[in-house]
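**Q** Here are the chains, one letter per residue:
Protein chains: 2
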Amino acid sequence: MEEIKVFAPATVANVACGYDVMGFAMKDIGDTMTIRKIATKKWVIENGRGCEGLPVSPKENVIGVAVEALMKAYGKSIDFGFHFYTTKNIKPGSGMGSSASSASAAVFGVNQLLGKPFKKKELVKFAMEGERAASGAAHADNVAPCLLGGFTLIRSYEPLDIIELQYPDMLYASVVHPQIEIKTSDSKKILKKDIPIKDAITQWGNVGGLISGLAKPDYDLIGRSLQDVVAEPIRSKLIPYFKDAKKAALNEGALGASISGSGPSIFALSFSRKIAEGIAIAFNNVYASNGIMANVYISQVNAQGTQIIS
Amino acid sequence: MEEIKVFAPATVANVACGYDVMGFAMKDIGDTMTIRKIATKKWVIENGRGCEGLPVSPKENVIGVAVEALMKAYGKSIDFGFHFYTTKNIKPGSGMGSSASSASAAVFGVNQLLGKPFKKKELVKFAMEGERAASGAAHADNVAPCLLGGFTLIRSYEPLDIIELQYPDMLYASVVHPQIEIKTSDSKKILKKDIPIKDAITQWGNVGGLISGLAKPDYDLIGRSLQDVVAEPIRSKLIPYFKDAKKAALNEGALGASISGSGPSIFALSFSRKIAEGIAIAFNNVYASNGIMANVYISQVNAQGTQIIS
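If you read the protein sequences in the order shown, they are chains A and B.
Number 302 in the working numbering belongs to position 301 of the first sequence; there are no gaps in the numbering.
Number 262 in the working numbering belongs to position 261 of the second sequence; there are no gaps in the numbering.
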C-alpha cells in the first residue's frame with residue numbers, strides 16, 4: 002500500500018461531568034487526510050482547505066509530533082518518508098477536537114502504510130503526544146474517541162487505560178461553534194488546582210449516572226447526569242451567551258448541554274434527529290440574534306472512529 | 002397485618018472509588034427486626050441479641066428517628082403504636098452499615114404495617130434521617146443498597162436521586178471486621194475539605210470504570226477500578242494491618258479490596274465463592290497472627306434488599 006485516505010471525526014470531550022476522562026465521536030463531521038509514502042526519508046505536511054495558519058514543520062505540527070512518537074515505538078528504520086495532505090472541517094480552536102483529529106488521522110494512516118504493527122487502541126498514546134504539542138497536556142479525552150469511536154472513558158492515565166463504553170444507538174449530538182477562539186491551554190489555566198470534596202462527590206455521582214444511563218440505556222438518567230460543577234461554571238464565562246444557548250437547547254428537548262472540550266463550542270445530546278435539528282436551529286438563533294457568526298452541526302454518535310475512506 | 006418480621010442486610014458503602022455515592026448489599030448477613038402494632042400510641046424499642054449498649058429511647062435510637070421522619074411524611078394520625086424488637090448480626094461501629102440496617106428495617110416494616118403508603122425507594126430518605134442521628138450526616142450510601150439491594154449509586158443528594166446499577170450475578174464479597182471501633186463521625190472528620198483536582202479526576206475515572214465494569218460485566222475492569230485515592234489513603238491509617246489484609250486479599254485473587262464504609266471492616270470482591278472463601282481465610286490469618294480478634298463474612302451480592310421474613 003502506497004497511499005491511503007482516512008477520515009478522523011470531530012469529538013466532544015468532557016461530556017459535562019467527565020472532565021478530562023470522557024469523550025465521544027461525531028459521525029458526520031471530521032477531517033480527511035491523505036497519507037502517501039514518498040521516496041525521501043522526510044515527513045512532508047501539506048495544508049489543504051481549512052488548515053490555514055497551521056504550521057507545516059513536522060516538529061511544530063501535531064501530525065509530525067504524533068508520527069514521531071509512533072516511529073519511535075516502531076523502532077525499525079524505514080527507507081521512505083510520508084506526505085500528509087489534510088482537509089479540515091473541524092476548525093482549530095473550536096473545542097471539537099481539531100488537533101486530535103489531525104493526530105489520529107496521521108497515526109492511523111501511517112500505521113496502515115506500515116502494515117498495521119499497532120492495534121488501534123495502541124495508537125492513542127502516539128496521538129496523545131500530538132495533543133501535548135497542541136495544548137501542553139497529553140490528554141486523551143479527544144484522541145481516544147476520535148480513534149476508537151463511540152463513548153470512551155480514560156479510567157487512568159498512569160497507566161493509560163481506555164474503556165470503550167456502552168451507549169445507545171439512538172443518540173444525537175447538536176454542536177454550535179460560535180466564531181470566537183479560546184486556547185485549550187488558557188482554558189485549562191483558569192481551572193482551580195484544588196476543588197471542594199463536596200463538588201468532587203457531585204461530579205463522580207454524575208459520571209457514574211451518565212455511564213450507567215448510557216449502558217442501560219436510560220435517557221432520563223443521561224439527562225440528569227449531564228451536569229458539570231467543576232469546569233463549566235468557570236469556563237462558561239469565556240463563552241458569550243453560553244447560558245442562553247444551553248437554555249435554548251434544553252427548551253428544545255435536549256437531554257443536557259454543556260461545553261464541548263474547553264470550548265467555545267457547546268454540545269447538546271438528544272434521542273432523536275428531529276430534536277437535534279431543533280436544538281441546532283435554536284443554537285444558531287441565539288448567536289445570530291446577538292450578531293455572532295456560528296456554525297452548527299448535527300450528528301449521531303460515530304461507532305467506527307478513525308477509518309479508511311480509500 | 003399486626004406484626005411483621007423483616008431482614009435488612011449488611012452493606013458495603015463507598016466501594017473503593019465511590020466515596021459517599023456507591024454501596025452494595027450483602028446476602029447472607031444482616032439484622033432481623035420484628036415490628037408489631039401496639040395499643041398505646043408510643044414507639045417501644047426493645048434490644049435483642051447484638052444490640053447491647055444501643056439506646057432504647059426513640060429520640061436517640063436510629064429506629065425512632067427514621068420512623069419519626071416516615072410518620073411526618075405520612076401525615077395521618079394513627080391510633081396505635083409500634084414495638085420494635087431487633088436482633089443484630091451487624092455489629093455497631095463495624096463499617097458494615099449497622100445503623101442503616103436498623104433504620105431500613107424499621108421504616109420498611111412500619112410501611113408494610115401501614116399498608117404500603119410509600120414505595121421502597123421513597124423509604125430511603127426516611128432511613129437517611131436515622132443515619133443523620135447515628136453519624137451526624139444524612140448519608141445514603143448504606144441505606145440505599147440496604148433497602149433496595151444490589152449496587153446503588155447516589156447520583157445526587159439535592160435532589161435525592163438513587164440509581165440501581167447493573168451488576169453481574171456472579172460476584173462475591175469477603176468482609177473482615179477486626180474488633181476495633183471507629184466512629185463514622187470521627188472517620189469523616191479526618192478527610193480533607195478540598196482535594197487536588199488531579200485526584201478528583203482519578204477518582205471519577207475509577208467510578209466510571211467500576212460502573213462500566215459492573216454493567217458489561219468486565220471483571221478485570223471492575224478490579225482495575227477498585228481504587229480509592231481520596232479516603233483510603235487517610236482512613237486506612239486508623240485500621241491496623243490494613244495494608245497486609247488488602248495485600249492478602251489480592252494475593253488470593255480478589256478483584257480489588259478497600260475499606261468498607263468508614264471502616265474498620267475491609268471488603269474484597271471476587272467472581273467465585275472459592276476465591277471469596279480463600280480471601281476470608283487470608284483476612285482472618287492476618288488478624289489472628291497479630292493477636293486481633295476478627296469476624297469474617299462471605300456473601301453474594303443481595304438483589305432483594307430489605308425484605309419480609311414472616
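Please note that a few of the clues may not be correct.
As the list claims (entries may be wrong) - Partial selection, computed: residues in chain B whose CB lies under 10 angstroms from chain A: (1) K42; (2) L166; (3) S237.
Claimed, not checked - Pairs of lysine-lysine residues, derived as DSS-like cross-links and limited to a Cα-Cα distance of at most 27 angstroms, are as follows: (4) K120(A) - K190(A); (5) K275(A) - K248(A); (6) K199(A) - K193(B); (7) K217(A) - K126(B); (8) K122(A) - K190(B); (9) K217(B) - K28(A); (10) K120(B) - K28(B); (11) K60(A) - K28(A); (12) K193(A) - K77(B); (13) K77(B) - K28(B); (14) K121(A) - K217(B); (15) K122(A) - K120(B); (16) K122(B) - K199(A); (17) K117(B) - K199(A); (18) K6(A) - K42(A); (19) K42(B) - K28(B); (20) K60(B) - K126(B); (21) K238(A) - K199(B); (22) K194(A) - K217(A); (23) K199(B) - K126(B); (24) K28(B) - K194(A); (25) K120(A) - K28(B).
Said to hold, decoys possible - From chain A, some residues computed to sit far from chain B (all C-beta separations above 12 angstroms): (26) I5; (27) D21; (28) E159; (29) L192; (30) T203; (31) R225; (32) N291.
Hints in this document: simulated from the structure, not taken from any laboratory.
Every residue, glycine too, gets a C-beta built ideally from N, C-alpha and C.
**Q** State for each hint whether it applies.
**A** Hints versus structure:
A distance limit of 10 angstroms between C-beta atoms decides the matter here; for K42(B) the minimum to chain A is near 40 angstroms, and the interface restraint is violated. With a cut of 10 angstroms, the hint placing L166(B) at the interface with chain A holds, because the nearest CB-to-CB distance is about 6 angstroms. Interface hint at S237(B): violated, since its Cβ lies 17 angstroms from the closest Cβ of chain A, which is beyond the 10 angstroms cut-off. A threshold of 27 angstroms between alpha carbons decides the hint, and for K120(A) with K190(A) the separation of about 34 angstroms lies outside it, so the pair is violated.
Annotation: proposed proximity of K275(A) to K248(A) holds, straight-line Cα distance about 18 angstroms (limit 27 angstroms). This hinted pair checks out: K199(A) and K193(B) have alpha carbons roughly 10 angstroms apart, not beyond 27 angstroms. Restraint check for K217(A) and K126(B): the C-alpha separation of about 25 angstroms stays at or below 27 angstroms, so the hint holds. Taking the CA atoms of K122(A) and K190(B), the gap is about 42 angstroms. The hint is violated against a cut of 27 angstroms.
Distance check on the hinted pair: K217(B) and K28(A) sit about 24 angstroms apart at the alpha-carbon level, within 27 angstroms; holds. For the hint pairing K120(B) with K28(B), the CA-to-CA distance comes to about 22 angstroms; that is within 27 angstroms, so the pair holds. Between the alpha carbons of K60(A) and K28(A) the distance comes to roughly 30 angstroms, so the proposed pair goes past 27 angstroms and is violated. Restraint check for K193(A) and K77(B): the C-alpha separation of about 50 angstroms exceeds 27 angstroms, so the hint is violated.
With a CA separation close to 35 angstroms, the supplied pair K77(B) and K28(B) exceeds the 27 angstroms bound. Pair hint K121(A) plus K217(B) holds up; C-alpha atoms about 21 angstroms apart against a cutoff of 27 angstroms. Taken as a hint, the K122(A) and K120(B) pair is broken in the structure, with Cα atoms around 45 angstroms apart against an allowance of 27 angstroms. At most 27 angstroms may separate the alpha-carbon atoms for a hinted pair to count; K122(B) and K199(A) meet this at roughly 24 angstroms.
Note on K117(B) and K199(A): the hinted pairing is violated, with a Cα-Cα distance of about 34 angstroms set against a maximum of 27 angstroms. The suggested pairing of K6(A) with K42(A) holds, with an alpha-carbon distance near 20 angstroms, which does not exceed 27 angstroms. Restraint check for K42(B) and K28(B): the C-alpha separation of about 35 angstroms exceeds 27 angstroms, so the hint is violated. Restraint check for K60(B) and K126(B): the C-alpha separation of about 17 angstroms stays at or below 27 angstroms, so the hint holds.
At most 27 angstroms may separate the alpha-carbon atoms for a hinted pair to count; K238(A) and K199(B) meet this at roughly 22 angstroms. Straight-line distance between C-alpha atoms of K194(A) and K217(A) comes to about 34 angstroms, which puts the hinted pair past the 27 angstroms bound. Under the criterion of a C-alpha separation no larger than 27 angstroms, the hint pairing K199(B) with K126(B) is inconsistent with the structure, at around 32 angstroms. Taking the CA atoms of K28(B) and K194(A), the gap is about 42 angstroms. The hint is violated against a cut of 27 angstroms.
Between K120(A) and K28(B) the alpha-carbon distance is near 42 angstroms, which puts this suggested pair outside the 27 angstroms criterion. For I5(A), the non-interface assignment is confirmed: its Cβ lies about 32 angstroms from the closest Cβ of chain B, beyond the 12 angstroms cut-off. With a least beta-carbon separation of about 5 angstroms from chain B, D21(A) fails to lie farther than 12 angstroms from that chain, contradicting its non-interface assignment. Under the 12 angstroms C-beta cut-off, the non-interface status given to E159(A) relative to chain B is violated; the minimum distance is some 9 angstroms.
Non-interface call for L192(A) relative to chain B: violated, since the shortest CB-CB distance, roughly 7 angstroms, does not exceed 12 angstroms. Not every CB of chain B is more than 12 angstroms from the CB of T203(A) (nearest about 7 angstroms), against its label as outside the interface. Distance check for R225(A) against chain B: the nearest CB is about 6 angstroms away, which does not clear 12 angstroms, and the non-interface claim fails. N291(A), annotated as away from the interface, keeps every beta carbon of chain B farther than 12 angstroms; the closest lies near 32 angstroms.
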